[in-house]
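Work out the full structure: start from the sequences and follow the hints.
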Amino acid sequence: MTGAELARVWFRIARLALALLVHVPLHYLFRLVRLPSPWPRMFLASAARIAGARVKRVGTPLKRDVFYVSNHVSWIDILALGGASGTAFVAKAEIAASPLVGWLAGLNRTVYVKRENRMGVAEQINQLREALAETWAVTIFPEGTTTDGKSLLPFKTPMLRVLEPPPPGVMVQPVMLDYGAAGEDIAWIGQERGLNNAKRVLARGRRFRLRVHFLEPFDPRDFPGRKAIAAESRRRIEEAMVRTLSQPLRPFRFADDPIGYKAPAPAPKQGQG
1 MTGAELARVW
11 FRIARLALAL
21 LVHVPLHYLF
31 RLVRLPSPWP
41 RMFLASAARI
51 AGARVKRVGT
61 PLKRDVFYVS
71 NHVSWIDILA
81 LGGASGTAFV
91 AKAEIAASPL
101 VGWLAGLNRT
111 VYVKRENRMG
121 VAEQINQLRE
131 ALAETWAVTI
141 FPEGTTTDGK
151 SLLPFKTPML
161 RVLEPPPPGV
171 MVQPVMLDYG
181 AAGEDIAWIG
191 QERGLNNAKR
201 VLARGRRFRL
211 RVHFLEPFDP
221 RDFPGRKAIA
231 AESRRRIEEA
241 MVRTLSQPLR
251 PFRFADDPIG
261 YKAPAPAPKQ
271 GQG
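For what it's worth, the numbering used here labels the leading residue of the sequence shown as 1, then goes sequentially.
Just so you know, the hints here were simulated from the structure itself, not pulled from any lab data. Keep in mind that this is a model prediction, so the values were computed, not measured. There's no promise every hint is true.
[Claimed, not checked] Simulated pairs of lysine-lysine, DSS-like, Cα-Cα distance not exceeding 30 Å:
| no. | residue 1 | residue 2 |
| --- | --- | --- |
| 1 | 150 | 63 |
| 2 | 199 | 56 |
| 3 | 63 | 227 |
| 4 | 227 | 150 |
| 5 | 199 | 227 |
| 6 | 156 | 63 |
| 7 | 199 | 63 |
What follows is the structure, given as structure tokens:
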């Protein structure tokens with residue numbers, strides 16, 4: 001890392017710390033007097049800008065009683081989506097153990113899940129229902145991991161059991177995150193550690209655009225069962241990605257053992273086989 005890059009990292013960390021000092025006390029003050037707090041959403045939007053993202057919202061997000069289903073590229077996704085809509089999130093349980101990130105995620109009513117805890121699905125569904133009731137919107141990333149912005153993995157369905165049957169009045173709204181030309185550089189993929197990815201993103205000199213496309217919502221009652229809901233959500237997100245990229249999606253080139261995804265084998269070179 002060059003001196004200029006290191007300076008950018010620390011400058012942005014200082015700005016993030018200042019934003020925390022402003023937003024967190026105001027959040028606790030609102031909670032103390034039992035008022036709805038806008039401060040987590042405002043902090044997430046500020047953090048996205050500080051990290052270099054220029055977020056543009058495309059389409060209209062439903063304001064309440066909505067289950068957002070989104071593709072997943074980076075930790076920036078959470079800042080952008082939370083800042084654009086005020087949604088709570090479903091996240092891996094490991095995040096809760098992170099001293100700072102876990103605390104911040106808790107302020108935004110994050111619901112934690114364990115991939116290996118198949119016996120605890122009912123408890124996790126109850127947590128999701130409570131989050132919907134309190135925050136009005138919950139986002140899941142059903143791919144189970146981050147990709148490169150030009151791929152879309154199969155959708156996992158366990159967390160969609162909260163929609164079997166759907167709570168009264170709840171809609172599903174697919175979301176497509178588009179980082180444009182910066183997507184592959186921003187993406188947290190392969191063997192890169194989270195801390196290394198964060199430093200690399202914060203060290204960037206150029207800002208990057210991120211379009212958050214809120215696609216047409218649908219009534220989950222029209223697609224009975226979590227598998228049908230997942231398939232319809234994925235179909236809409238894939239169509240939006242293909243339109244944006246102006247080319248078909250490509251197979252994701254990295255394996256992810258925790259979610260059971262196997263990367264496609266490389267094509268044999270010409271003359272082999």
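How the hints compare with the structure:
1. 150 with 63: With a Cα-Cα distance of about 28 Å, the restraint between residue 150 and residue 63 holds, given a limit of 30 Å.
2. 199 with 56: Within the cut-off at roughly 24 Å; holds.
3. 63 with 227: holds, 25 Å
4. 227 with 150: holds, 23 Å
5. 199 with 227: Distance of about 37 Å is beyond 30 Å: violated.
6. 156 with 63: holds, 25 Å
7. 199 with 63: violated, 33 Å
Checked against the numbered hints given earlier, this structure breaks hints 5 and 7; the rest are met.
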